[in-house]
Structures are given as C-alpha cells and as structure tokens.
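Line by line, the protein sequences are chains A and B. First residue of the first sequence? That's 1 in the numbering used here, and the numbers climb one at a time after it. First residue of the second sequence? That's 1001 in the numbering used here, and the numbers climb one at a time after it.
Don't read these hints as lab results, they were simulated from the structure. There is no bait here: all hints are sound.
Taking lysine to any residue pairs in the SDA-like style, the calculated list, with each CA pair at most 25 angstroms apart, reads:
1. K1319(B) x Y72(A)
2. K1546(B) x S1197(B)
3. K1319(B) x V3(A)
4. K60(A) x A1040(B)
5. K1009(B) x E17(A)
6. K1280(B) x P49(A)
7. K60(A) x Q1008(B)
8. K1388(B) x A1460(B)
9. K1365(B) x E1446(B)
10. K1271(B) x E1305(B)
11. K52(A) x G1321(B)
12. K1271(B) x D1300(B)
13. K1090(B) x G62(A)
These numbers come from a predicted model, not from an experiment.
Residue strings, one per chain:
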Amino acid sequence: MDVKKYPLKVTLHKFGEMIYFSQLDLVKILERALRRAQLPLYFTQGYSPRVKLSFSNGLKLGVEGRIGVTFYFTENILLESLLEKLARQLPQGLEIITEPLE
Amino acid sequence: MIDYTQIQKPQQYIGNEWNVVKKNHDGKITVCISYPDAYAIGMSNLGLRIIYGLLNEASDVVCERVFLPGQDFIGELLAQKNKLFSLETKTPLDSFEVIGFNLSCELNFINFLKILYLGGLALKSSERPNTIVMGGGLANPEPLAEFVDCFYLGEFESGAQSFLEVLRKYKDKESRLKALSEIEGFYVPRFYVAKLSADKYCFERTYHYASFPLRRAYVKDLNSAYYPRRWLIPHTPIVHDRVQIEIARGCPNRCTFCQARSLYYPYRERKPEIVGQLIKAIYETSGYENFSLLSLSASDYSSIESLIDETIGYFSPRKIGLSLPSLHIDDIIGGLYKKLIPLKKTSLTCALEVARDDLRSKLNKKIDTSKLFEAAAILRALNIRHLKIYFMFGFPGETEEDLAAIGDFLQKLMHQTKIALHVSVNAFVPKPFSSWESVPMAQESELILKRSIILKHIPAWRSISVTISPIKRTLLEAILCRAPREFSKVIHNVLLKELKSSLPVNSPGDSFWWDRWKKAMEEEGFDYRPLLEASSSNFPWSFIEKGAGSENTCSKLQIPNHKLQINSNNQNHNG
Ligand code: SF4
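Please put together the full structure from these sequences, using the hints given.
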C-alpha cells in the first residue's frame, strides 16, 4: 500500500530568536507546527515512521538567513493553503516566504 | 547583554517555547519558579509545568521560569556584573515577589542556593526583607529551613488558590508568611523552633496561630484538578521529550522502602474520559509526537486495558509515540502485549528490586518474575531493543546469596530472551516517611563489600550493561534527606566552598563531592553517623504528620540484623 507523496517546496526565513536553533531543532519545530496545523503529512515508511522533510541548505547557529524546505503531503496542498494554515503555527522568527531561494 | 553565539546550547536561555506565557508585570503578583538543575532536566519535571500553568491562569499573576545555567553562562553573568534573570521577560530574580523551587532532589540543594546567589538574593531567609522563597516537593524540609521562607508540604494545586489570596491581601513579607502559616500545607520554619534535647527532636511553634501539627495537603479529586493543556514545547530536545499525561497519583502498593507512595498518598486515578480529553487538547495545541502515560504503577490503573485501547486508537493514525514507563512487565507479557505491538516502543522497564522472591516478599514488592522467563517469545514480538531492570541492595537481612542471585538472574534472563539488558543497581536509603524510615542504613564498608559481591557475579557480557550507584553519592543523598535543621550550616559551608573555587572543566566525580561535603561537616562539627543509624521513631521530620496509610510497619516487623551473612564456601558462586 504505497501512499502517494506530494512534495511542496518553500523558502523559510530564520531570524531573531530563532537563529539560536540548530537545523536539527528545526526538523522538530517544523514537524510539530505541521502537526498542529493538521496538514495531511506524509510519513516515512518502516518501523518508526517520521515526518518527511528535506532542506536544500543549512544555516550555522547564530546566523540569520533563508533555507529551502520541502514538505511532503499525502494530498496535493496548494501553497496558499499551506501558508494560511502553517503561518500561525510557526514560532516568532520563522516565516515562510513565497519567493524562491536563489 | 550576553552574546549567545559564544554560549553552549543557547537554546536553553531564549525562553521562546511554544505556548510560553509572557505577560507585562504592571500591578501583577510576580512569581518565578525553578527546578534547580539544567534546563533539559528542569523542563522535564511535571510539577513545574503544572504550577506554571496554574499560576498563569490567574490574570493578576505572572509566573515565569529560571533554571541553573551552564558554567559559561554563569561566567558571562558574573563578568558583566549582571543578575540571573527569568526566561520569559529577562527580569532579574530579585525583582520577583516570590521565587518557588522544586526541591525534590536532594543533590540539587546546592544548585538551589546558587540560583538565589546568582539572582542577587540573600541566601538566608532572615536576610531577605522582601522576596519570599518557597520550596516544595521534598519529604523532610529541615535541612533547608534556614534558606526557605515557606515550604509547601504536599501537592501545590491544592493550596495554590489560598496562596494567591494571601498574596493579594497582604503586601509585606511578615504578614504574608504569618497568613500562609495558618493554612494547611504551608510550613513557615521561622515560626517554629526545632531542637534536639535528650536525643529527642522537639518542635514548638513560636507564632501562636501557625498550623500545628503539620499536615501534607493533597488534591482530593484528580478529575477536577488543574492540568496544563497548553503544553510548553521547547524547540530543542530535553531529557523526557514527551508530553506526560498523569493518569494516576499515588500507589496502592506498599513496598517498604518506598517514599513516593507516602508522599503521594492516597492513591487516586484520573478517569479515562478525562485522560482522553487531555490527550486530545494537548496534542492539538502542541503537535508533540510523543506522549507518556504517567503514574507510579500503571498496572494498578483500574481500566488500563481500555485506556490503552482508546489511546492507541487516537495515536496510531497520527503516528504519535506512546510510552508507559510504569507498566509491570508481568502485565505486559500477561496480556497487554498484543495491544502494544503497533507502538514504536523500544524499551521496557522492570523494577524487580531484588533477585530472590523471598527477600522481595519481605519488601512487600509484588512481581511475578517467573512470567518474565516464560515470555521470551513475546518480548521478541514486541520488538524492543532492551529491557531496563532495576535492583536495590543494602537491605537488612540480605544474604550473600541474595546479592549473587542478581548475576545469576541476569544470566538466565539473557539466555532466554536474547534481549540486551540495561541494569541499574542502587543502594537502599531509609527515606523519611517510607515504612522503613527507621531501619538503620548499612555502613559504608558493608555497602562497598556488597557492591563488589554483586559486580563479581554479573557476567561481563556486552549485552548486559550495568550502572551501580556510587556508594559515596548514596551516602550523601541519605544524609541530605534525613538531616535536621542545624544541617543548614553545612550546606551553607559547601556553597561557599563552591563559589570560591571555580569548577573544573570536566565535571568531577562523586568522591570529589563527597570530600567537599565531608570537610564541611567536619568544619561545622556535624557528625552524620547517628543520622543514618537512628533506630528510634523520632526524627527531624517527625513533626509532619504521617498520612493515613503510611503508618510505620517497622515496629511490627522484625527488622533483621544488618550484618552480612557471608557464606563460608562462597567460591561456589564463581562457577
Ligand atoms: S515501589 Fe512499590 S509502593 Fe512504591 S511506587 Fe513502586 S509499586 Fe508503588
């Protein structure tokens, strides 16, 4: 029973207090925000399923900047609907911006 | 300003957790609460979360948090001549009206004083004109009586409203303390004198209206008690990185060495419906991917099976992890295992305490170990990576066979289950309010001998890992938990030593701490031995009433002699 996965790529702006959180922390922060937003998450298959997420680049601790993030859903989610649901679940210092990462 | 890029684990100082409560202080009652240890440990404490949420419910109260910062952060604070501040609004500690500490772990007593010191507060109660320092979570408050203005004996949810009423009504410290001392559960040491005369601890009140005798206060009904629904989520890992849902408080069992059952007496359950509501509400506002159902003994929860069914029904589709840390192993393999298979559980815990059944029954511990052996296949089906097993030693009447049996037991278990075993072995401490509070503690030399016998018999296999508590740390714990009021001066002495010497970079071992405490006890002329050998029923903490059900069973029981009965042909065990 292969679940279909729909990737959605966004750009995340990390600033303010959030610059002190590592990329590893960010995985959990985003996972929990997605769960609160009740989006149809795609989980990795296997014995201990995880929310699938991928980053296109990393940022050092203490640095403000942008990161490309790909979310995976089990349905096709439009960017506007993601923005609407996820934005208010993100802590101050994380923002999804629509323009692509250069 | 602290440059957080130069500090290790800066995440712990930011105070921007999801669901954090930040209020302005204007005209509000200001409280700061603390679990006096590192952030990752303190944030794992359930009591702190309950009090944080409960106090912040009141619109005229601000409750913030502080933990013990790392050495590098402390260095920066001191270099900049700044005071330690709260996480939420970065307010220096000495600007709060009340600072509350969870003092349930004796080894944190020094951390507690360090936080006061770094926050710019005088250590002794009598030297602080305004700030009220509260302490809770400990069985015997006496060793901290000089530092803490007011203890809460018992479960703070039951006294929180009266506490706030007093703070609203009275504005100076003396009137606040007097008013608090008249309410059940609040213990204000300055209104009582405690002294030892003719080997008996005498306890008298000096303020006529202060409560006496003192009684522990508890929540009558868990179902209507406050429970935090807006779970604080750190954006960085902590030690217990899961939502804790307390399903019951207290324990219906009567293990003789157990302190928890008397501190949380009586046994109370939260109804499955309420547990279900809490899970749903907390998941929706937190998105946490791991939950645990907490209680002292989950197996005793009346509807544990249907609770697990319902919980799994909610958790499975959402891929939420569940742990049940206190479920008895014999229950799991007896019938619950089929339900647990779909969970991503990777370890099981089993507090066996001792390896032989007859000693275990003397301790009143009920566990059927034979099931453990029958269940090898089931354990494998559960796909667990390891079994955690707890043992204790240092009991009176314990024989060499009892000690050697630990190794034999592990060997047999390993053979049958083929699962890695993580074994933790601790020495028995006669804890205040446990049924065996008046059982003398074994001598240091005897504990060392017993420890070596245990270790000698545990096979040195890679699949069995053993942690055994260092005897010196156990002794220190025992002294701190049983100490009288005059012990405050020893604690003060140790703190001064610590403030003078900057700590070595690598955290020093237990003998380093023990030597420091021993030196302080010598300097202050305090002999700790009588404290551990006491066989009377009169202790520094005896002024606090024992709750019903925590009666001393010791007088009725024959307490066997401590002397270890060494077998004459003890080589037999090596075979
Ligand atoms: S040790 Fe015994 S009495 Fe104490 S909590 Fe565990 S089962 Fe209950």
